[in-house]
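Asks: Residue-level listing of the chains:
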Amino acid sequence: MTFLEPIMLYGLPLALLPVIIHLLNKLRHRSVRWAAMMFLLSANRTATRQARIKQWLILLMRVFAVAALVFVVSRPLAGGWLGWVFQGAPDAILIVLDRSLSMETKINGATKRETAIQILANSARAYQGRSQLILIDTATRTPQEIGDPALLGRLSFTAASDTAADVIATLESGLEWIQRNKPGSTEIWIASDLQKSNWQPDNERWRDLLARLGSATSNLRVRLLQISNPSPIEDNSVLIKDAFLKNVPEGKLLTIELAVERTSSEQVNLPLNIFVNRTRQYIEIPCQGQSVSYRHKVLIEEGDKYASGWGKVEISADSNVRNNIAYFVYSAPPVLKAAIISSNSIGGRILTIAAAPSKSDTNRMAELVPVEKADSLNIGDYALVVWNEKPPSGELAEKLRSYVRSGGVVLFFAGIDEGNFEGINFGKEDQTEQDRALKVASWQENEGVLARTEEGLSLPLNELRIFKRRQLSGGEALARFEDGSVFIARKVLGKGQIIACASSVEPDCSNLREGIVLVPLIQRLFESGAKRIRQSGMLVCGEADFRAIGESVVPVEGGSDYRANAGVYRVGGRLVAVNHPEVEDNFEIADSSEIRSVFNGVNFTLFEEKYSNRSSFQSEIWRSFLIAMVLFLIIESILVLPPRVRPQQQFVQRQENALVEDPK
Amino acid sequence: MSSENRSEWNLIDPDVLSRLSQYPLTTSLPMIGTVTGLHKSPHKGASVEFAEYRKYVPGDDIRRLDWRVYARTDRFYVKEFEADTNLRCYLALDCSGSMGFSSDGKTSKLDYARKLAATLAYLAIQQGDAVGVHCLSGDSVVDIPPRRNPTHLKVIFDVMQRAKPAGKTNLLPLLHELAEKIRQRAIVIVFSDFFCDLRQLISCFQHLRFQKHDLAIFHLIDPQEIEFPFEHPTRFIDMEDPMSLLTEPNVIKRQYLKNLDEFLNGISVGCRQFNVDYRRVITNQSYEKVLADFLLERNNK
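Sequences listed follow chains D and Y, in order.
In the working numbering, each residue carries its 1-based index in the first sequence increased by 5.
In the working numbering, each residue carries its 1-based index in the second sequence increased by 254.
Treat the hints with care, as some may be off.
[To be verified] Quick list of in silico lysine-lysine cross-link-like pairs, DSSO-like style, CA-CA up to 27 Å:
1. Lys31(D) / Lys435(Y)
2. Lys395(D) / Lys444(D)
3. Lys536(D) / Lys257(D)
4. Lys59(D) / Lys31(D)
5. Lys395(D) / Lys500(D)
6. Lys466(Y) / Lys59(D)
By construction, these hints were calculated from the structure, which means they are not laboratory data.
Keep in mind it's a predicted model, so treat the numbers as computed, not measured.
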């Protein structure tokens, strides 16, 4: 147990005050000449043991009350969790350490992770030799047995990382360990900053996980140390969204798209150091609001030497220095391919031209693939898939789904039959006369694939004439007909997206073939899908795993372990940039009530680290001592109550009092 | 009157005496006195109250023959009347060390007992009864035999005044001795705190009653003894023995009060059993009231 005001503990000897007063009273006794000694001696002989115990109890209650008062003013903390005092050691303690990037925020000179490790080590020391101590960190999610808790801070498994934390997955690893080793009673100690994106309190997996945990061990206790105090210093985070080369007449133009997330919304000019191939550029970008996007362009000189390379963007150091640097790699622009799945030759031809209008001017290619050959297509090589057929089913649908999840883009046009894919449904067909064509009335112009151009010009969707359409439902409507039905819908799946159009490009369906909308739409989707290809060298820390490839990984810049640290690494012959996950820039903290509801039904205790002068895995418990003091005083006052006079004695005394008169 | 005499007479209060004189000291038991008095006698005498007719036997005074009965029955009968006689009153005063206890530092139990005894002695002698005093102090006994002479009062008061609380309570053998010593029926009034063995004390009462004495006892208790108002550690020094006890009053209070309560109940029950007139007197009560109740209740019996 630790105390916020330990100096007050010097007052603990005051607890002996009642005993001292009692002894002094005994020493300072007065003498009385007494006549009725026979009753006194008899009473002294036969004074019941109970009366003497009662007297000592009174003294004890007074001592406890004073001691409790001293503890109250010493502001005790539930040292190493108060449960230590009262509960036996569990068979196993699973220490779950949040090693996410957000835990690297410094408060009072120490990061949240360092504070957590210190408290965990102090707490675990009490159980050393009595319980099996198992550490599971969120970065590796690998259970490790700890011999000496004092070494907890020196282990590589507790070092700083740039990863995100999947608390559920980490606990699932813990569950596997429990199921494998079958300890009798188990405690799970979690130290985390309760970042909402890491905890996902609304995730359905929690219920299943806790049910399985409950059944895996007979006596499960979960203790959570919340280290969620916001840092008094502002925290800014920088992340590279995209970095790509473009051929321009002067050479190659490197475009770096970066995003800055801030905890403050104050308007400032944020200084940036941009390093490209070890050449530094200093710029300041105006920041207003908490999220800022910025696109920086650097002209790369012509020559093979700089056809590929790496760089980094730095912002000034703040409370969390690990999210102040973002790395990127770039290489010669790849040839982007689109797969046009269409059995209709006219439609296929139109779409092929819309995807790759001029092979000589762009690095884009389009391949027309009949639907029956789509099975054998290596779909991962394509930046865009245009599906001008009935939506696929079975294995092909699963293949397409996983392609979208990995960042691919699929554009569906209404086929000759009804169908659906991932909740987007092509319903019954409507057909109109040529002179009564349907028109598009509204569409999202602010963002997305139908947004205005950089020059502010709207896409001419109002000039489209639709003769045949299918009732489109599901997903987010991007454009609607005059009658309110959906013309273009969108659904995000994983990192990619699905776009669905209610009509088709064939001349009897619409005038999309004219290209005024079709070309920009497909080109934009191409660009969106191209990121997956271009960013093959941009990886997220914690998700990259090159062990399966079997190639050597050499650190170039930044961290030394690509699994835990951001930086630039050479994998085989290519460069990869590893950056912290975007979710770590979401500074939202889960409510303690949300976390409590997650652990509903489990023996769960939440401790809050207040960042006092000393670290502790504990909460203030002076109220408990205050209540204890009051209880001691109440018991003492009950014990010192005079014995109840028996009715007979009361009668005698009343009789005697009635007889008392003033003596003459 | 000398100052010494004045102090002796301080034991009685003329105002109290004048108020109490309306209640004669009576006894429900027949007494054998030497002169005519207020009290019933077992013998027939010459009072105005008719008792019985008895056959004439030679030697009877022929003046006491009832001639009317002789005229009707032709037999000689002597008419007999109740005899009224005086009584002997023995005042036994416990002068042990414990009787010197006084919680207020003014009136000790012995002082209180002196006032009660002196007042009763005055009232008894005033109505023609003989009064004797026994001051029981430790092993010594001051014994003043009963006299009905008013001048005897001075002797009684003098003895009472000189009695000092000292020694252990040696009441029991002395009461037995008193029971044997008093030959004729008498009223024995004991003033004591009775700090002795209860069983033996009741046995004393039984002995006195067996000798056909009318026994009345005044049980004197100090208010502090019955309340035991001590809280802090106290050394209790025995007033009769060179011993002391350092104790926590809070610890033993309950048991002390219980013991005292049992003792008081026991003595009360014992007195009822042997028809002893028992008076429990707390020394902060008015002694006039105590005596008035005592005399009135005896008159009403």
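Asks: For each hint, tell me whether it holds in the structure or not.
Replies: How the hints compare with the structure:
Under the criterion of a C-alpha separation no larger than 27 Å, the hint pairing Lys31(D) with Lys435(Y) is inconsistent with the structure, at around 50 Å. Between Lys395(D) and Lys444(D) the alpha-carbon distance is near 23 Å, which keeps this suggested pair within the 27 Å criterion. A C-alpha spacing of about 18 Å is found between Lys536(D) and Lys257(D), which places the hinted pair at or below 27 Å, so the restraint holds. Between Lys59(D) and Lys31(D), the direct Cα distance comes to roughly 17 Å. Compliance with the 27 Å bound is thereby established for this hinted pair.
For the given pair, Lys395(D) sits about 24 Å from Lys500(D) by alpha-carbon distance, which is consistent with the 27 Å threshold. Our distance criterion of 27 Å between C-alpha atoms is broken by Lys466(Y) and Lys59(D), whose separation comes to about 51 Å.
The earlier numbered hints that this structure contradicts are 1 and 6.
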